[in-house]
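> For the protein sequence lines, the chains are A and B, in the order given. Count the first sequence with my numbering and you get residues 1 to 391, in order. Count the second sequence with my numbering and you get residues 1 to 894, in order.
Mixed in with the good hints, there may be bad ones.
Said to hold, decoys possible - Listed next, the stretches of chain A that the computed footprint assigns to chain B, with coverage defined by at least 3 CB atoms under 8 Å from CB atoms of chain B:
no.	stretch
1	288-297
2	300-311
As the list claims (entries may be wrong) - Subject to a maximum C-alpha distance of 25 Å in a straight line, what follows is the list of computed SDA-like cross-link-like pairs (lysine to any residue):
no.	chain 1	residue 1	chain 2	residue 2
3	A	302	B	695
4	B	125	A	310
5	B	120	A	43
6	A	296	B	116
7	B	118	A	139
8	B	274	B	695
Please keep in mind that the hints were generated in silico from the structure rather than gathered at the bench. Quantities reported herein were computed from a predicted structural model and do not represent experimental measurements. By construction, the Cβ of each residue, glycine as well, lies at the ideal position given by its N, Cα and C atoms.
Spelled out, the chains give:
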Amino acid sequence: MSELTERLILNVGPQHPSTHGVLRVVVELEGEVIVRCTPDIGYLHRGIEKLMESKTYHQCLPLTDRIDYLAGSANNLGFVLAVEKLLGIEVPPRARYLRVIIAEMTRISSHLFWLATHAHDLGAMTPLFYTFREREQLMDLFEAVAGGRLFPCYFRIGGVARDVPDGWTEAVRQFCRTFPQKMKDYETLLTKNPIWIKRTKGVGVLTVDEVLDYGLSGPVARGSGIAWDVRRADPYCGYDEFDFIVPTGENGDTYDRYLVRLEEMRQSARIIEQALDRLPSGDIVVDDPTVAYPPKADVFTKIESLIQHFLLVEEGIRPPKGEVFHHTEAPKGELGFYIVSDGSSHPFRVKVRTPSFVNLQVLSKMAEGRLLADLIALIGTIDIVLADVDR
Amino acid sequence: MITVTINGRALEAQPGMTIMEVADKNGIYIPRLCYHKALSPIGACRICVVEVKPGPPRPVPACTTPVTDKMEVTTESERLTHYRRELLQLLLINHPLDCPICDKGGECELQNLTRALKIKEQPYKAARLTPRYDAQSPLIERYPDRCVNCERCVRVCRDRVGAAALYFDNRGYRTAVTAGGPVMDCEFCGSCIGVCPVGAIIDKTFKYSARAWQLEKDTAVCPYCGGGCHLVLNLKNGRLKRVTTSFQEPVNGGIICSRGRFGLNIVQEERRLKEPLVRKDGRLTPVSWDEALDFAATRLREILSRFGPKAVAGLGSARTTNESNYVFQKFCRAVLGTPHVDATTSLDHQRMIHALVDVLGRPKVTYGNERESLPRIIRGVSGFQLALGTYDDLNKADTVLVLGSDVKKEMPPLVWRVNEAQKDKRLRDLLIISSRRTRFRSAAQWNAYCRPGSPGFVVLGILKALFETGGQRLRDLGDFRREGLLRRRLDATDWALVEETTGLDRKDMTYAAEKLLAAERPSLIIGYDVAGLADGYGAMCYVADLLLVLGRKLRLHLTAEKANTQGCSDMGVSPFWLPGYIPFDEAHVVEKLWGRPFPKEAGLPLGRILQAAADGGPEAHKALLLVGTDLLGTHYPRSVVERALQNVDFLLCQEVFLNETAARAHVVFPAKTAVESQGTLTSGELRVQKQKARSFVDGPWDDWKIVQELARRLGVDMGYACAEDIFKEICTLFPHYDQYAFSQIPHEGFWWNRMYRAKYGSAGWRRVLDPALEAVIPWLELPAQPSEAFPLLLFVSRSLFQSGTYGRYGIGARTLEPQGGVWMSPEDAEKLGMGEGQPVVLTTAYGTLEAQVGIDRRVPQGVVQASTHFEDLPIGRVTDGSVLVPVRVDKAVS
């Protein structure tokens, strides 16, 4: 074997900014061409599924924030909807709308972060400063309503933690009003940028069959022209009441996925505006003391509220025996929670179908035969978060 | 059998059952608050309302409504839920916001109901009453503001425990549970804590130490009396936090006494022995196990070679497991070669068993095939054990005679079963003939007071009356093979003597005899006031004959003071028989199994061992091995015990605490308690129960393991790896125990007198009493009488809060009865010019004892009661080992 054809094995990561977390990719190179690439995952495994087995359902909630930490509320939503399905309860309309608003804000926030890092990986540093400006606004809005920024944990089984503060809806409306203009700024920087096009067009092309074979979802699937969006295909949280477009690409390459995500942000802003317009008044949690925490003020003054609070904290919710699966459209794709209940106050088993884990599979497929430099674009285009992969 | 439909399900039911019982039996849950399955229903809370067709248009309480044929019951409907919610809202009106600090939080029935009925608010208001908290009572705290007036505590105390210490005060909105005074006057069994659905009555020793959901539960057999109750140990991180029990328990049915509930802290007491101690330069010094065992083995070898094996005497323990007792007596007999094996049960319980064995025969199995061939075919079973009854017999009894026993203190489960039979109206007559006035007397239909020490004569009187009036009814019933022998004794004792000795009228004894004869299922409870007499053996012989005469109908229940009092005798820890009551003329069977020769003769009983050691003659014992035996804590004559302990060259103790006796030892081994030691315990009703291995402190060993290690150092390998091996060996010697493999002994144990139920089914073998026709009934000695010099009678009594010296370390005993007491009747006190707390000197023929006198109107005139097993009241100074001694009481000269 000549020296020229000798294969080089290169470890990308696990500590490398372009791997979006602690991902190690073992790349076999022939020259600059990738012969094989193997993602090595598990560096961020925290055993969240196992941990949940020893926690009450409410205690599980903060763990879900940490699955995809760039979209905490989206994970919260998936979990509470699954538990609510298990319990057979329906949340009040106001809570439902608030959930939609927060979930779509989360989508925008997640996509903004993706855009920033993706562009940065490919050499464009400027978008980061713009997108983070808007992302910061969203973080402030999360903080105002929930107290937490990255991990708002605002949703509760049966509703939401508390009503939104005064002026909050106005602030969100203001954000939505200005956001399309900001989107234009980003596009100015990238969409017709020749370098950007060179780096993304025709890179990592996925055909419809490949998408289906790999079970991909979210923008990665839609980029290849598959209009699969759980919000539309299997509506939850009343998404069927909103008017929005499910954007799809044509070529299934990195550039199309970029366009899809950009359009999704616009659509999310539209959904938020619609939700704000129609935001109903009324309860924010379900009227069932065995599920929802009573207001804190009552706990200090009324015995019945104290008892309900005490038992919810001490013992927790006791859903009936059974198993349930619920899927939602998280920013990165289809997020599913499968919960088995043995009738006790702790889940017997929780399985989280995270989009990043499934989508990451296709990395080796896309990277084979391409240049090493494309690998960085490909990692970015899948939009993975390693916490979401490893759980 | 009738048919009831509940929620559309057709169910079969017995007439007389309530709707609640039928629903519970079929797994249909009806919400309830005041109902408790162990108590008679009162229908107070009305949470359990159901709709009934045919019936009144209003809902009726399920707990008090009996089912009728074709009844249709609906347990859930909108109307019922509405009613229940309203009722519960009313209960919540002024309920304090205590959940976060209330012990019951997390296991509170009010909380659970509030949750189940989804109460979110309650619209009512009512004046807040001033609660009368009870924080002064020992061990128990009461919070009346948390009370929901379900009356469970009142019912359990009155109907099951029989103490009636709680009752309702006032009416209507002001109704409240009260103890009648600022401090509870009760037995502190804490059963009210167990039934309270809320935190109105709580365990003071547990308060704030753990939350309900943090506790791991572990069921154990109680180590205190011979009742064999099941305790639920509540542990947090391996530490015992409290003791509860379960209402599902077949043995005690949810009731335990003060010792069980408040006494288990002994297992993790700071003062517990954890290291072996060896006397060095006159001081007990902690050493390693090896050093202590080597030391003990060397000393034993010296004594064996200098004085011969008979210079050693071993005392087993009613506190340790069957396995430990078995290994210990085997060690003494086969390894050391001494016949002198006994235990402190020889003061009382062993005498009863001895008499029963002598008169009614030892437990024997006759086989249809050769002994060696398996499986064996049983032809017949005989022996005294067939006359002994179980708790369940007591439950079914229609007449119960209690004779010479302070049952509540000796073995409380017997009382609870009698109370249960009373509550369920099965028991027609409870007859108590006693020399004490106990609280239990108030439960009886008929009470008679006999002179202290005379129960033997009472039995004799009853026998006389039976023969006189029984006629053909008696003839049809009993076994008269011993009649000739018995008659001679009975006829020679005339009524005048019986009446004079017992202080009872002839017709009293005739009445009791008539009741026993007329009863369908009579039971007889005999206790330590008979067994503890110097003449306890004689009196028990008459009891045995009473059992014969009344045939298989009469059930005998013996009280047992300690957890394995019965097992101790079963395992041959007695000078009179080998394990399984095998007599010495059949010792070759045992020898074959053990593979070592041992002396085939009866040893000396404990009293004579101590006397010999004290006298220091040529026959004197030079080494005493004490397993869980606090000789100085008993009422053995103290001067004798002290001299014996002084004189012996080697004193070995296996103990849990360093008590007075162990403090004089040459070597002390820390032993596990009966709750920790793996093995079996045989309760007073012959129930063999398995104890799990546990450990609360590091250090102590199982008693049998200590003995085995000692044997190994003396050159004999006993070869037991675990308690199971020993149990297997016990089973070969004592086939009555051979009913289950060790690992398969059921949770509730098995009765060894109901042999082979499980293993052999209802095979066609006969169960017969096999009376020893030749055994002579001794003449009864006249009980000790007061005289000029000693005008009163000292009557040794036991404590309700401990059942032996290690019980003193229990928190309950320490709080409720920290010191031993001497009590006399107000009349006697007045005569002697004494008041409460007067320092006195008790003088008997055996010595003097200083004490403070208490005045108690329950003490009969002419009697001084003094408690045993207290360190600060060395009762042995004034007794001769019997519970009854004439005494003089003088004011102490300061």
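> Quickly compare the C-alpha distance for residue 274/B and residue 695/B to 25 Å and report which way the hint goes.
holds, 12 Å
> Between the stretch 300-311 of chain A and chain B, see if three or more residues pass the 8 Å beta-carbon test, and mark the coverage as holds or violated.
holds (count 11)
> With a cut-off of 25 Å on the C-alpha distance, tell me whether residue 125/B and residue 310/A pass.
Within the cut-off at roughly 23 Å; holds.
> Residue 296/A and residue 116/B were given as a pair; does the straight-line alpha-carbon distance stay at or below 25 Å?
At roughly 21 Å apart (the allowed maximum being 25 Å), residue 116/B and residue 296/A satisfy the hint.
> Is it true that the CA of residue 120/B sits at most 25 Å from the CA of residue 43/A?
Violated. Residue 120/B to residue 43/A sits at ~46 Å, over the 25 Å cutoff.
> Count the residues of the stretch 288-297 of chain A whose Cβ falls closer than 8 Å to any Cβ of chain B, and tell me whether that reaches three.
holds (count 4)
> Would the pair residue 302/A and residue 695/B pass a check requiring their Cα atoms to be no farther apart than 25 Å?
violated, 44 Å
> Has the given pair, residue 118/B with residue 139/A, been kept, meaning a C-alpha gap of at most 25 Å?
violated, 37 Å
Comparing the model with each earlier hint shows violations of hints 3, 5, 7; every other hint is respected.
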